Each structure stands twice: as C-alpha cells, then as structure tokens.
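Let the hints inform the model, and build the full structure from the sequences given.
Convert by adding 120 to the 1-based position in the sequence shown; the result is the number in this note's numbering.
The set of hints was computed from the structure by calculation and includes no laboratory data.
Heads up, simulated DSS-like pairs for lysine-lysine below, C-alpha to C-alpha not over 30 angstroms straight-line:
id	residue 1	residue 2
1	Lys145	Lys225
2	Lys306	Lys453
3	Lys487	Lys197
4	Lys145	Lys197
5	Lys197	Lys475
Label pairs and their in silico Cβ distance ranges:
id	residue 1	residue 2	range
6	Ser471	Val174	20 to 30 angstroms
7	Glu461	Thr276	25 to 35 angstroms
8	Asp177	Arg486	28 to 38 angstroms
9	Arg356	Asp436	20 to 30 angstroms
10	Gln457	Val160	38 to 48 angstroms
11	Arg356	Lys260	31 to 41 angstroms
12	Arg150	Lys225	18 to 28 angstroms
13	Phe369	Arg200	44 to 54 angstroms
14	Pro305	Ser471	34 to 44 angstroms
15	Ala488	Ala458	40 to 50 angstroms
16	Ala450	Arg220	56 to 66 angstroms
Being a predicted model, the structure only gives us computed values, none of them experimental.
Beta carbons are placed, not taken as given, at the ideal position from N, Cα and C, and that holds for glycine.
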Amino acid sequence: MFRILHTESSVGLGGQELRILSEAKGMIGRGHHVVIAAPVRSALAQLASEAGIVCYDIPVGVTGWCCLVPFFLRVLKVDRVQVVHTHGSQDSWTASCAARISQEKPIIVRARHKSTPISLSFRHDVLYRRLPHAVVTTGKAVRQQLIDQNGLDGATVYSIPTGVDLHRFSPRVQSDGLRTALGLPKSGLLVGTVSFLRTEKGIHLLIEAIARLRSEFPSLHCVIVGDGPEHSNLLRLTRERHLESVVFFVGMRNDIPDLLSLLDVFVLPSLEEGIPQSLTQALAMQCPVVASNVGGVPEVVQDGQTGLLVPPQDPDFLADKIAFFLRHPAQGKRMGQAGREAIVKNFSLESMLDKTEQLYADLWERKATRAA
Numbered sequence: 121m122f123r124i125l126h127t128e129s130s131v132g133l134g135g136q137e138l139r140i141l142s143e144a145k146g147m148i149g150r151g152h153h154v155v156i157a158a159p160v161r162s163a164l165a166q167l168a169s170e171a172g173i174v175c176y177d178i179p180v181g182v183t184g185w186c187c188l189v190p191f192f193l194r195v196l197k198v199d200r201v202q203v204v205h206t207h208g209s210q211d212s213w214t215a216s217c218a219a220r221i222s223q224e225k226p227i228i229v230r231a232r233h234k235s236t237p238i239s240l241s242f243r244h245d246v247l248y249r250r251l252p253h254a255v256v257t258t259g260k261a262v263r264q265q266l267i268d269q270n271g272l273d274g275a276t277v278y279s280i281p282t283g284v285d286l287h288r289f290s291p292r293v294q295s296d297g298l299r300t301a302l303g304l305p306k307s308g309l310l311v312g313t314v315s316f317l318r319t320e321k322g323i324h325l326l327i328e329a330i331a332r333l334r335s336e337f338p339s340l341h342c343v344i345v346g347d348g349p350e351h352s353n354l355l356r357l358t359r360e361r362h363l364e365s366v367v368f369f370v371g372m373r374n375d376i377p378d379l380l381s382l383l384d385v386f387v388l389p390s391l392e393e394g395i396p397q398s399l400t401q402a403l404a405m406q407c408p409v410v411a412s413n414v415g416g417v418p419e420v421v422q423d424g425q426t427g428l429l430v431p432p433q434d435p436d437f438l439a440d441k442i443a444f445f446l447r448h449p450a451q452g453k454r455m456g457q458a459g460r461e462a463i464v465k466n467f468s469l470e471s472m473l474d475k476t477e478q479l480y481a482d483l484w485e486r487k488a489t490r491a492a
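Here it is as structure tokens:
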C-alpha cells in the first residue's frame, strides 16, 4: 500500500481535475491511502470532499515559496507521504521542492495532461527533468513531444492514458424525458460535445459547422455540455449565426452518459489535446465520433474505423464529416461499435490504475535500490 498525495493548484474543472479524482478514488478502492491538496474553493476540492477524500487547502493567492513549501512539508509529514503526484504548474514547483528536502523523501511524479509545447527553458528543465523522478503523459504523442523537443530521457517519461469507467459509460436506451428536461425537441437529429469552454477547445468551430448544416438538415440541433471563460463569446456567436433555437448550452452536468446516449454524432473540434476524456467516454458509449486530428486524438480514433478525423480549424471539413454520419447512420453505428471495442481493449479505468500502480512500485523499488 502506498501513501499518495495528489496536488493541483487550479480552481477550475476540466479533464485534468477529473482524472485526479478518478485516480484517487480508484487507488483508494485498491487499498492505498490517498489525499489531495487543492484550493478549498476549487471544484476538485468540492468533489473530493463529496467523495470522502481528505483535501488539504492550498492557500489561494499565496505564491511565495516561503509560504507554500512549508505548507507542503507539513502535509508530507502529517500524512507520511510516499508518492507526490503533481499536476499544475505552481503546485509542481512547490510540492516537488518540498518533497526533495523533506525527511520523508517521497518519490515525485509530474503529470503532463496537455499537448501544448513547453519552451526549452531552464525553468522547464528543472520542472520536468530535475525535480521529478518520472513524468506521466496522457498519451504517446505528448510523451514523444517531451522527448524529441525537450530532451527528456525516454526512460523517465511514461504514457498512461486516462481510463474510462466502462460500467458507467456503457450504451443505453435514449431517454425522451431527458430531452424534454433540457428543452430539446423530442425528435430530430442531435449532435453535441462535452467540454470545458475555452478557446483551444474549438467550440466556435462546431457552431460554425452547425450553421453550414442547417439547410440540409432542418431538424438538426446541437447540445454543448460544460462551462468556462468562452461561454459568453460562444453565446454571442450563436446569436450572430441566428442559431438561438438550434444550439443549446446546458452547463455542467453529472449525467454525461445519459446525455451522450442522445447524440447522433459526438464532435471534438479541439485545436490541441492530450487524450480527452470526453472523447474516450463518447466512444465507450458507441457514439459516432468526429474529432480534430491533434495531439493524442489519433491514438484513440482510427480514421474511418472507429470515427472520423478532421484537420483543426476547418469548419467546412468538420461540417462535411458530421454530415456523413447524419446521411449514413449505419456507418456511424458500425464505427461506434468498433470504438467501444477499442476503448474496452486500451482505455479502461482498470488499465490506467494498473499502469499507475506499477509505476509507483517500480519507482519505489529503484529508490530502495539506490539507498541500499
């Protein structure tokens, strides 16, 4: 059994925070002791509290190392932490530094969730090479990027994709009651996405694609699940394209599997990605999927086999591929079934937990060997 600390300084809620929660719950279920350090007002802290997971409050607004390093030193001592698994930028610096000087001498794992390139700076060299004992990415493409562009040793960088709870995300009968509750028409075609609403998620491209599709598919509607800083801009674009009665923003939801079951097509129009959880979840639900060919997405979607890939920032191409599934539902059903099979084989929650557990064990064994 390991005593694990996850750290995250962000207050928002996206795939990164949801993965931390998923890992924490999964490891607790396997008998490990897991605590989280996050700002008390963050969505992660609230969800952790609801799940009965101890969450230490990272002081918001306190950026000085003189305050945060002692904070993490106290947490490491109180919980006798053996594994520090960091996720955000600020917490990775301070928690890793605390771990390096602490009496507990835990192993340090740095998570890299995004595909955004990091600069070749001394700062990032310390953050990714010198402080952690290992770096975990959400996909092979991000791992290779860190090796090729940033010079990290491949032996210290591991690809562990975020796993899907296959019991929760399993195909089911559509709920007419849910469509009514959301204000959606009881019938007609429905496409949609699940996303934190920020620029790099490309939701504006989905709205532009819907505008192009309405003439051929007058019964088509779109549902956008999630919230974020781009919400007001996306609402404005919806009004400009006269799609107020077509595009539905339903905010953050807990019934994602039921929502996905309503969709004729799931769309991921991102400009950059690691391996997005919403995509693997949609595939697990057997949704026909149209996704941007960016980051780790091609590791999940085999073009023409488990879904369709499109170049990023091209609403015309995006609209064309969405239209393909709307015109050929049998093809969509076939690819959806193949997508589910791929997720079961390669992206299950149990697989993620197995690989993470093995990584901790390997790093701990190396530590013991060095100390001997």
